Amino acid sequence: MEHYLIIIVSAAFINNFVLSRFLGLCPFIGVSKRLDSALGMGMAVIFVLTFASVITYMIHRFLLLPYHLEFLKTISFILVIATLVQFVEMVIHKTAPTLYESLGIYLPLITTNCAVLGAALLNINENYNLLESALNGFGAGVGFTVALILMASIREKLELARVPRSFKGAPITFIIAGILSLIFLCFKGIIAE
Amino acid sequence: MKIQELSKGLFKENPILVLMLGLCPTLAVSTKAIYGIGMGAAVIFVLTCSNVIISLIKDFIPDKIRIPSYIVVIATFVTIVDYVMKAYTPELHKSLGIFIPLIVVNCIILGRAEAFAAKKNVLDSFFDGIGMGLGFTLALTLIAVIREILGAGTITLKLLGYGWIVEIPHLNPMIVMILPPGAFITIGLILGFSNILKKR
Numbered sequence: 001m002e003h004y005l006i007i008i009v010s011a012a013f014i015n016n017f018v019l020s021r022f023l024g025l026c027p028f029i030g031v032s033k034r035l036d037s038a039l040g041m042g043m044a045v046i047f048v049l050t051f052a053s054v055i056t057y058m059i060h061r062f063l064l065l066p067y068h069l070e071f072l073k074t075i076s077f078i079l080v081i082a083t084l085v086q087f088v089e090m091v092i093h094k095t096a097p098t099l100y101e102s103l104g105i106y107l108p109l110i111t112t113n114c115a116v117l118g119a120a121l122l123n124i125n126e127n128y129n130l131l132e133s134a135l136n137g138f139g140a141g142v143g144f145t146v147a148l149i150l151m152a153s154i155r156e157k158l159e160l161a162r163v164p165r166s167f168k169g170a171p172i173t174f175i176i177a178g179i180l181s182l183i184f185l186c187f188k189g190i191i192a193e
Numbered sequence: 194m195k196i197q198e199l200s201k202g203l204f205k206e207n208p209i210l211v212l213m214l215g216l217c218p219t220l221a222v223s224t225k226a227i228y229g230i231g232m233g234a235a236v237i238f239v240l241t242c243s244n245v246i247i248s249l250i251k252d253f254i255p256d257k258i259r260i261p262s263y264i265v266v267i268a269t270f271v272t273i274v275d276y277v278m279k280a281y282t283p284e285l286h287k288s289l290g291i292f293i294p295l296i297v298v299n300c301i302i303l304g305r306a307e308a309f310a311a312k313k314n315v316l317d318s319f320f321d322g323i324g325m326g327l328g329f330t331l332a333l334t335l336i337a338v339i340r341e342i343l344g345a346g347t348i349t350l351k352l353l354g355y356g357w358i359v360e361i362p363h364l365n366p367m368i369v370m371i372l373p374p375g376a377f378i379t380i381g382l383i384l385g386f387s388n389i390l391k392k393r
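Going down the list, the protein sequences come from chains V and G. Its first residue numbered 1, the first sequence is counted upward by one per residue in my numbering. Its first residue numbered 194, the second sequence is counted upward by one per residue in my numbering.
You can take every hint at face value.
To be clear about the criterion: a stretch of chain G counts as covered by chain V if any three or more of its residues have a C-beta under 8 Å from a C-beta of chain V, and this derived list gives those stretches:
(1) 216-230
(2) 264-271
(3) 297-307
(4) 361-374
(5) 377-389
What the hints contain is simulated information worked out from the structure, not anything from laboratory work. None of the values given here were measured: they were computed from a predicted structure. All C-beta atoms in this analysis are idealised placements derived from N, C-alpha and C, irrespective of residue type, glycine included.
Please put together the full structure from these sequences, using the hints given.
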C-alpha cells in the first residue's frame, strides 16, 4: 500500500513532471494565462495520462514483447496516444457535453503534450506493472495540474505587476517557473531514495 | 535563395529563441555542453530526413490523414537515431534518456513538416531542415554552456574518451544552475535579453 502511495506522491510532487522533469512545458506556458482554462486543461491531462499509461503498458506487455517488436515502441505509442485522445474526445462529447464544452480545444492539444508519451516511456523504463503504471500516470497528471494551477494563479496577479516590457509574457513566466521549481526541490527530502 | 533558407533558422527564425518551439528537451538536457551538441545532432538528422521525405511524398498523402502520416515518418527516423546512439554512444544515450524518443513530439519537427516541407520542394526543405536544426543546436548549446559554467565551473566537450573538459579557474559553482530551477531562470533571462536586442 505504502509503495503505491509513494509512486503517486513521487510522480506528483517530488519528481513533478513540469517543474523537475521538464515534460509538458508548451501547454504549461501556453494555457496558464487564466485559472479556469488551466483547471480544464489539467483535468483533461489527468484523464488522458492515466488511460494512456494503462493502454501503452498493455501494448508493450502483450503485443511488442511477445513478438520482439520493441523497436516499434515509439511509433506505436504515439499513434495509440493520438487515437486515444480522439476516442476520449468522442466519448466525452457523447456522455458529458458540459464537460466537453469546458475542455474545448484543450483535448486535441494533449496529443502533442510530451508528458503523455514521457509517462508511457518512463513506465517501461522503470519496469512498472499495470497498477503501478496507472498510478504513475495519474500522479503525473496531478503534478501537471498542480503546477499549471499554481502558475495560472500567479499569472493572473502578475497582470497588475510592473514587469519590464521586454520580460512580459514568456520570459517572466519562465523565471517564475524557476522559483516554483526551487520550491518543489524541497520535496526531494521526503522519501529516501 | 538557398542560403536564405539555411540562415533564417539560425537567427531570424531561431526555433528556441524566437519561435519558442521544442522547449522541453532544451531545458532538460542542457546540463553539459556535450549533451546540447548530441541532442542537437539528433534533431538535425531527424528534422532534415523527415523534411526531405515529407516533401517527396506530400502529393500522395490525402489531406485528411496528413498529420498521422507525418508522425509515422518522424517516429521512424527517431527510432533510427535512438538505436544508432544506443549502439555507438551509449553514455550519451543514457544521459539524454527519454528525451531521444521524445523528439517525436517535439513541436519543431511537426511544425516544420506542416508549415514548410508540405508546401515547398525537396531542396528547399532540405536546407530548411539543416538551418532550423543548426539554430536549435546553437541555442541549446548556448544555454548548456551558460548553465555548465555557472553550475559546475567546467565546459564538457568530451565524448567516448575524445575531446576535452575545460575547467574555468577561480569560480565558485552554483549547484542550483545545474538543477531544474537554473534551467528555467536561464531561459527566462535569455528570452528577455533577446527581446531587448530585437527591439533595437
